[in-house]
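Okay, here's what each chain looks like letter by letter:
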Amino acid sequence: MTAPSTFDRRMFLKWASALPLLGYMAVQDAANKLWGKDAVENIYTRIGVRPFINARGTWTYLSGSLELPEVKAAKQAAAGHFVEIFELQRGAGRRLAELSGAESGMVASGASGAIASATAGCMAGTDPAKVWQLPDTTGMKGEVVMHGGRTPFDSAVRVPGAKLVLAYSHDELAKAIGPNTAMIYTTALGEKLEKAIAIAKNANVPLLLDDAAGIPPIENLKLYAKMGADMYTFSGGKGLAGPQCSGILLGRKHLIDAALANSPPWEGAVCRAMKVGKEEIMGCLAAVEYWMKADLGALNRQWGERVARIQKLVDTVPGVTTEIHVPQDGNRYPTLRVTWDEAAWNFSVADCDRKLREGDPRIEVLTNNNPSLVTAVHEGDPKAPREPNRVAIVSMTLQPGEELIVGRRLREILNDARKGSKS
Amino acid sequence: MSGILGLMNRSTRRGFLTKTAAGAALSSAVGSAATKSTIGKTADVYARLGVRPVINGVGTVTVLGGSLMPPEVIQAMNEAAQHFVNIPELQKKAGARIAELIGVPGAMVTAGAASGITVGTAACVSLGDSQKIQRLPDTSGMKNEVIVQKSHHSGYEAQMLVVGAKLVWVETHEELDRAINERTAMMFFLNKYEPLGKIHRDDWIRVGKARGVPTFNDAAADVPPVAHLKRYVEDGFDLVTFSGGKGMQGPQAAGLLLGRKDLIDAGQQCISPNGGIGRGMKVGKEEIAGMVAAVERYMKLDLDAEYRAVEHRADEVIQALAGVRGIRATKNVPEIANHVPHVLVEWTAKDRKPAIDDVVRELREGEPPIAIGTLDGNLLLSVWMMRESEHRVVAKRLKEIFAKG
Numbered sequence: 015m016t017a018p019s020t021f022d023r024r025m026f027l028k029w030a031s032a033l034p035l036l037g038y039m040a041v042q043d044a045a046n047k048l049w050g051k052d053a054v055e056n057i058y059t060r061i062g063v064r065p066f067i068n069a070r071g072t073w074t075y076l077s078g079s080l081e082l083p084e085v086k087a088a089k090q091a092a093a094g095h096f097v098e099i100f101e102l103q104r105g106a107g108r109r110l111a112e113l114s115g116a117e118s119g120m121v122a123s124g125a126s127g128a129i130a131s132a133t134a135g136c137m138a139g140t141d142p143a144k145v146w147q148l149p150d151t152t153g154m155k156g157e158v159v160m161h162g163g164r165t166p167f168d169s170a171v172r173v174p175g176a177k178l179v180l181a182y183s184h185d186e187l188a189k190a191i192g193p194n195t196a197m198i199y200t201t202a203l204g205e206k207l208e209k210a211i212a213i214a215k216n217a218n219v220p221l222l223l224d225d226a227a228g229i230p231p232i233e234n235l236k237l238y239a240k241m242g243a244d245m246y247t248f249s250g251g252k253g254l255a256g257p258q259c260s261g262i263l264l265g266r267k268h269l270i271d272a273a274l275a276n277s278p279p280w281e282g283a284v285c286r287a288m289k290v291g292k293e294e295i296m297g298c299l300a301a302v303e304y305w306m307k308a309d310l311g312a313l314n315r316q317w318g319e320r321v322a323r324i325q326k327l328v329d330t331v332p333g334v335t336t337e338i339h340v341p342q343d344g345n346r347y348p349t350l351r352v353t354w355d356e357a358a359w360n361f362s363v364a365d366c367d368r369k370l371r372e373g374d375p376r377i378e379v380l381t382n383n384n385p386s387l388v389t390a391v392h393e394g395d396p397k398a399p400r401e402p403n404r405v406a407i408v409s410m411t412l413q414p415g416e417e418l419i420v421g422r423r424l425r426e427i428l429n430d431a432r433k434g435s436k437s
Numbered sequence: 181m182s183g184i185l186g187l188m189n190r191s192t193r194r195g196f197l198t199k200t201a202a203g204a205a206l207s208s209a210v211g212s213a214a215t216k217s218t219i220g221k222t223a224d225v226y227a228r229l230g231v232r233p234v235i236n237g238v239g240t241v242t243v244l245g246g247s248l249m250p251p252e253v254i255q256a257m258n259e260a261a262q263h264f265v266n267i268p269e270l271q272k273k274a275g276a277r278i279a280e281l282i283g284v285p286g287a288m289v290t291a292g293a294a295s296g297i298t299v300g301t302a303a304c305v306s307l308g309d310s311q312k313i314q315r316l317p318d319t320s321g322m323k324n325e326v327i328v329q330k331s332h333h334s335g336y337e338a339q340m341l342v343v344g345a346k347l348v349w350v351e352t353h354e355e356l357d358r359a360i361n362e363r364t365a366m367m368f369f370l371n372k373y374e375p376l377g378k379i380h381r382d383d384w385i386r387v388g389k390a391r392g393v394p395t396f397n398d399a400a401a402d403v404p405p406v407a408h409l410k411r412y413v414e415d416g417f418d419l420v421t422f423s424g425g426k427g428m429q430g431p432q433a434a435g436l437l438l439g440r441k442d443l444i445d446a447g448q449q450c451i452s453p454n455g456g457i458g459r460g461m462k463v464g465k466e467e468i469a470g471m472v473a474a475v476e477r478y479m480k481l482d483l484d485a486e487y488r489a490v491e492h493r494a495d496e497v498i499q500a501l502a503g504v505r506g507i508r509a510t511k512n513v514p515e516i517a518n519h520v521p522h523v524l525v526e527w528t529a530k531d532r533k534p535a536i537d538d539v540v541r542e543l544r545e546g547e548p549p550i551a552i553g554t555l556d557g558n559l560l561l562s563v564w565m566m567r568e569s570e571h572r573v574v575a576k577r578l579k580e581i582f583a584k585g
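Those sequence lines, one after another, are chains A and E.
If you're matching positions, the first sequence starts at 15 in the working numbering and goes up one per residue.
If you're matching positions, the second sequence starts at 181 in the working numbering and goes up one per residue.
Since the hints were derived computationally from the structure, they do not count as laboratory data.
Incorrect hints may have been included.
Stated by the list, open to error - Calculated Cβ distances over 10 Å to all of chain A for the following chain E residues:
| hint | residue |
| --- | --- |
| 1 | R232 |
| 2 | N266 |
| 3 | T319 |
| 4 | E354 |
| 5 | G456 |
| 6 | G460 |
| 7 | G464 |
| 8 | M479 |
| 9 | R572 |
What the hints assert, rightly or not - Derived DMTMM-like pairs: lysine to aspartate or glutamate, alpha-carbon spacing no greater than 25 Å straight-line:
| hint | chain 1 | residue 1 | chain 2 | residue 2 |
| --- | --- | --- | --- | --- |
| 10 | E | K272 | A | E208 |
| 11 | E | K346 | A | E55 |
| 12 | E | K330 | A | D150 |
| 13 | E | K346 | A | D141 |
| 14 | A | K144 | E | D318 |
| 15 | E | K378 | E | D556 |
| 16 | A | K155 | E | D556 |
Glycine residues also receive a C-beta, built at the ideal position from the N, C-alpha and C atoms.
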């Protein structure tokens, strides 16, 4: 380890706070266990897939989250028996209702599957003839008003056959509702959601809230029922840390019954291909139950400490600015933002991202690049957000000890880049 | 009903459906009262929800949870749950491994066989053009017609329609020839209904090849024998789908799509995590890794030994029911799907007492609950998915029920 060239008093203090971390034995042990020599071979590397340290958060294309031990245990226990899936969905629904205060619930193949089932249910109801007729919506209410406009996930609404009607403001929403409106889809939260719910109630049209990344905090499980949302969905494989291919749909009994009538295991249902197994159903429930008991405050402190360690290490690089914040739009976990003068260093965020990915162990961080976004979504969209690009490190998906590897590696990369820019 | 029709109706997934609907209504009445099951300690995971595990006398049907995963698969899933991976990368490598194991050009893991139909259709409609994939289910300007034999009506048509495909129904060779045009994207074939159609597989494949139209074979429940995994692709089908959670005993929410490499590559773009029509057909890292482990195990498995074990169970049940008045129990092996020994229980007495619905209900409501298949007004018991002495429990209960008359 060499001392930085611009050694001044401020840098000295930064080094002093970072130094103990470099030899932090317990964290080092944890890191070795995960990424040391003995950990090299696993089920993925044997088929040529490189696992990575996930500092990007819960993304479906990066395999969501890691299942909680409680989830794995529930999946394993569930795998030991045959059960009738209709009966199991009803049982799961009763339990979800108990936990959430919503009238009923079901487990779907993910938030996307839940949206598709909810939409199909609002159009076809439980009438077998209509269920079988989808995605042809002739003779049914076949429109869904998209409050807030299109989203990258609206294919889940279109797949069962619904036609999208776009509405941005609350006024537009109220005006867009017509005799063919089967459902209102919204991602609005807080007051905006309250207003949307009032408009939906007034028009007597069911409203679906998509808050895929809404748990934790677990309070949201009850909140939306209390607010009067007719249906709402959360992904099971993101913050919930349940099975990746699971999600929950909660809401009014007759709407959940209708959603189930259009879902697997019904053969002939439009959503049949969005399959969820008995193991995933039980695993997802176990995840919800975990969060009912979890101490989110303590977890937030741990997560915060994890990124703070990285911050200390990265702060030793002159010219680097860091900040820890908690985003409010999904992935609501302590997140470290790292920036530097990209132009002066001739080293972009994308360069840094690539170097982290190409290193060993591979590290994924959050930048404005989203490889899983359908390119057409933002093409030509003048309202698409153009936030400054930066490296962000999301704490929740980091395993204990990994922060040390990430911090050291990022420090090394940024140090090299800074030196390179001077020569 | 012709012999062939009778054969095709046996214990098919659809045949079971009507019974299940009745069973579903029934079990809701007893659901909340039910608490303790004797099946085993881990059954508590279900019992606390008021859900009663059942002895599976139907076979590898989705509605009963498919199959039970062997320890190798569960272990693979647990191991997979410990690491983050990039899902498209995992799909590619897992697919390559499965293709290598089975001996086909391309493979991928889907969210089940129904998802295999959607993904396969989307692959044939888009031919991997990402702009087109993003536009689905709007298929304007794309080949979007799928040809199906009327007799191959599967109940899974919606899984093609959601892609934006239009179905064109044919019956004869002439109709098929006329139906193919520049908008034809795919020719769908339902493997287990081959004997019902006028156009058999060889001709279906031949016409597809001659006219440059990809052929798709839905073979969801059609292993064992293991050779089928490779044979249908070798026969010339461009795409073949199998359920992962049935005979292969992989994860219930997984399936396989096998076949032409370029179409499989296209298919991998049409499923989660990619946005678009396949996003809801989510398959997790655990399920993908579990499916690889299931195929690895299945290719090595001594299926003859498994078959003999199932046959032995069937024989025991037949023996146990030998002296029971009013019924005749015989061995029955469906030709294509669920190709393992079953026990067919037919009424010999004219009054057909007790009535079949009462027998089914009594088995389902008893302790432990037993789900049983039916066929043309008779009972078709599958002992394939039974463990240890479960088949004896079923035989004993059947005896008791018929003894009461």
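Let me make sure I understand: some of the numbered hints might not hold for this structure. Which ones are they, in numerical order? 1, 2, 5, 6, 7, 10, 11 and 16
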